[in-house]
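J.: Sequence:
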Amino acid sequence: LSVEGTNDYSFLPSSPTNDNWFDSGTSVSVNVQKTTEIEPNKVRQEITGWSLDKSEFWEIEDDGSTSFTTPPIVLNEYHQIDFFTEYQYKLNVISDSGETTGSGWYEQGVTVPIGIDAGGDGLILNSLSEWEGADITYDGNTAQVFIDGPITVSAKVEKNYSLLIGMIVIPILIIGFIGFKKFKNRAPPVIVEEKPVERIVEKVIERVETAEKKYEDGYDKKLADYLSEQIQTKLDEMKSSEIISDSKYSKIKEKY
1 LSVEGTNDYS FLPSSPTNDN WFDSGTSVSV NVQKTTEIEP NKVRQEITGW
51 SLDKSEFWEI EDDGSTSFTT PPIVLNEYHQ IDFFTEYQYK LNVISDSGET
101 TGSGWYEQGV TVPIGIDAGG DGLILNSLSE WEGADITYDG NTAQVFIDGP
151 ITVSAKVEKN YSLLIGMIVI PILIIGFIGF KKFKNRAPPV IVEEKPVERI
201 VEKVIERVET AEKKYEDGYD KKLADYLSEQ IQTKLDEMKS SEIISDSKYS
251 KIKEKY
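Numbering-wise, the sequence shown is residues 1 to 256 according to the numbering used here.
Treat the hints loosely; a few may be bogus.
[Stated by the list, open to error] Below, in silico cross-link-like pairs of lysine-lysine (DSBU-like), each with a Cα-Cα straight-line distance of 35 Å or less:
no.: 1; residue 1: LYS253; residue 2: LYS221
no.: 2; residue 1: LYS54; residue 2: LYS34
no.: 3; residue 1: LYS239; residue 2: LYS221
no.: 4; residue 1: LYS42; residue 2: LYS90
no.: 5; residue 1: LYS90; residue 2: LYS54
no.: 6; residue 1: LYS222; residue 2: LYS234
no.: 7; residue 1: LYS239; residue 2: LYS222
no.: 8; residue 1: LYS34; residue 2: LYS90
no.: 9; residue 1: LYS253; residue 2: LYS239
no.: 10; residue 1: LYS253; residue 2: LYS156
no.: 11; residue 1: LYS156; residue 2: LYS42
no.: 12; residue 1: LYS234; residue 2: LYS221
no.: 13; residue 1: LYS156; residue 2: LYS239
no.: 14; residue 1: LYS54; residue 2: LYS42
[Said to hold, decoys possible] Pairwise CB distance ranges, derived in the manner of DEER restraints:
no.: 15; residue 1: GLN33; residue 2: VAL74; range: 34 to 40 Å
no.: 16; residue 1: GLU130; residue 2: SER29; range: 48 to 54 Å
no.: 17; residue 1: SER51; residue 2: ASP96; range: 46 to 52 Å
no.: 18; residue 1: ASP8; residue 2: GLU237; range: 56 to 62 Å
no.: 19; residue 1: ASP19; residue 2: GLY149; range: 45 to 51 Å
no.: 20; residue 1: GLN230; residue 2: LYS156; range: 32 to 38 Å
no.: 21; residue 1: SER250; residue 2: PHE57; range: 56 to 62 Å
no.: 22; residue 1: SER10; residue 2: GLN108; range: 28 to 34 Å
no.: 23; residue 1: GLU132; residue 2: SER14; range: 49 to 55 Å
no.: 24; residue 1: SER245; residue 2: ASP8; range: 46 to 52 Å
no.: 25; residue 1: GLU37; residue 2: PRO72; range: 25 to 31 Å
I should point out that these hints are in silico values taken from the structure, not numbers from a laboratory.
By construction, the Cβ of each residue, glycine as well, lies at the ideal position given by its N, Cα and C atoms.
Please construct the entire structure, taking both the sequences and the accompanying hints into account.
T.: The structure is reproduced here in structure tokens:
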């Protein structure tokens with residue numbers, strides 16, 4: 001019984017002469033390792049199928065196991081088993097921040113989608129600035145890379161402080177509006193002159209009834225509407241730029 005296509009195999013049962021010769025009528029299986037490493041963590045050879053006497057071909061399924069065993073072959077004459085292989089190359093997708101997707105072993109000529117969830121640290125968000133290491137087609141946080149050999153690609157991430165700044169500016173605007181409104185509504189002090197009581201009462205009543213009007217009608221509402229519009233505009237800009245997620249956008253909008 002001869003075996004072609006790989007050197008990493010064994011017979012079950014083994015040959016009584018410790019080679020590939022067996023007694024007539026013996027049923028023999030061939031056990032083979034599916035993967036042979038050619039260059040560590042870069043290139044490997046994967047067995048994908050086998051044939052018996054070059055007349056029948058069977059595909060070897062990827063079931064997660066590291067070895068494959070053929071069905072028993074009755075040796076009442078000469079037989080030959082051929083194993084068919086393909087080269088696979090390692091794709092490494094790395095980044096200093098966040099979690100990447102797409103790393104693994106792939107055959108030559110395929111296009112593999114890769115990506116990154118940049119994450120963040122509280123209100124300081126991370127955003128993808130560029131991919132490095134290969135000819136990559138990308139749009140936003142997702143990209144594709146063509147496999148023509150072992151490849152390592154790196155996602156470059158930069159800090160984004162827009163959300164933090166927005167969360168600082170928005171409360172300041174709100175607090176300033178509230179403080180301004182309280183200051184505006186504060187009653188002016190009443191100066192008591194040395195005059196008869198009747199004149200003092202008359203003066204106070206006069207001030208209350210004829211207080212000088214400093215602001216046009218609806219000023220408070222116009223100011224409140226303006227500040228609300230500015231806050232909403234800032235939130236919409238951060239959402240459209242994907243600085244904040246839809247869920248964070250909804251929570252902030254409900255709060256303010």
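J.: Now tell me if each hint is right for this structure.
T.: Comparing the hints with the structure gives:
1. Taken as a hint, the LYS253 and LYS221 pair is honoured in the structure, with Cα atoms around 19 Å apart against an allowance of 35 Å.
2. Taking the CA atoms of LYS54 and LYS34, the gap is about 20 Å. The hint holds against a cut of 35 Å.
3. At roughly 27 Å between alpha-carbon atoms, LYS239 and LYS221 fall within 35 Å of each other, so this suggested pair holds.
4. The suggested pairing of LYS42 with LYS90 holds, with an alpha-carbon distance near 5 Å, which does not exceed 35 Å.
5. About 31 Å separates the Cα atoms of LYS90 and LYS54, which keeps this hinted pair within 35 Å; it holds.
6. For the hint linking LYS222 to LYS234, the alpha-carbon distance of about 18 Å falls within 35 Å, and the restraint holds.
7. This hinted pair checks out: LYS239 and LYS222 have alpha carbons roughly 26 Å apart, not beyond 35 Å.
8. The hinted pair formed by LYS34 and LYS90 meets the criterion: a straight-line CA distance of about 16 Å does not exceed 35 Å.
9. Distance check on the hinted pair: LYS253 and LYS239 sit about 11 Å apart at the alpha-carbon level, within 35 Å; holds.
10. For the hint linking LYS253 to LYS156, the alpha-carbon distance of about 31 Å falls within 35 Å, and the restraint holds.
11. Distance hint between LYS156 and LYS42 is fulfilled; the C-alpha atoms sit about 23 Å from each other, no more than 35 Å.
12. Restraint check for LYS234 and LYS221: the C-alpha separation of about 20 Å stays at or below 35 Å, so the hint holds.
13. Straight-line distance between C-alpha atoms of LYS156 and LYS239 comes to about 22 Å, which keeps the hinted pair within the 35 Å bound.
14. The hinted pair formed by LYS54 and LYS42 meets the criterion: a straight-line CA distance of about 32 Å does not exceed 35 Å.
15. For the pair GLN33 and VAL74, the beta carbons lie near 24 Å from each other, so the given range of 34 to 40 Å is not met.
16. Taking 48 to 54 Å as the suggested C-beta distance range, the pair GLU130 and SER29 conforms, at roughly 52 Å.
17. In this structure the hint that SER51 and ASP96 lie 46 to 52 Å apart at CB holds, the actual value being about 48 Å.
18. The beta-carbon spacing between ASP8 and GLU237, approximately 60 Å, falls within the hinted interval of 56 to 62 Å.
19. Between ASP19 and GLY149 the C-beta distance comes to about 38 Å, which lies outside the given range of 45 to 51 Å.
20. For GLN230 and LYS156, the Cβ-Cβ distance of about 33 Å falls inside the hinted range of 32 to 38 Å, so the restraint holds.
21. Range check, SER250 to PHE57: about 57 Å between beta-carbon atoms, so the 56 to 62 Å window is met.
22. For SER10 and GLN108, the Cβ-Cβ distance of about 29 Å falls inside the hinted range of 28 to 34 Å, so the restraint holds.
23. For the hinted restraint 49 to 55 Å between GLU132 and SER14, the CB-CB distance of approximately 52 Å keeps it satisfied.
24. Taking the beta carbon of each, SER245 and ASP8 are about 50 Å apart, inside 46 to 52 Å as hinted.
25. Separation of GLU37 from PRO72 is about 29 Å and conforms to the stated range, judged on CB atoms against 25 to 31 Å.
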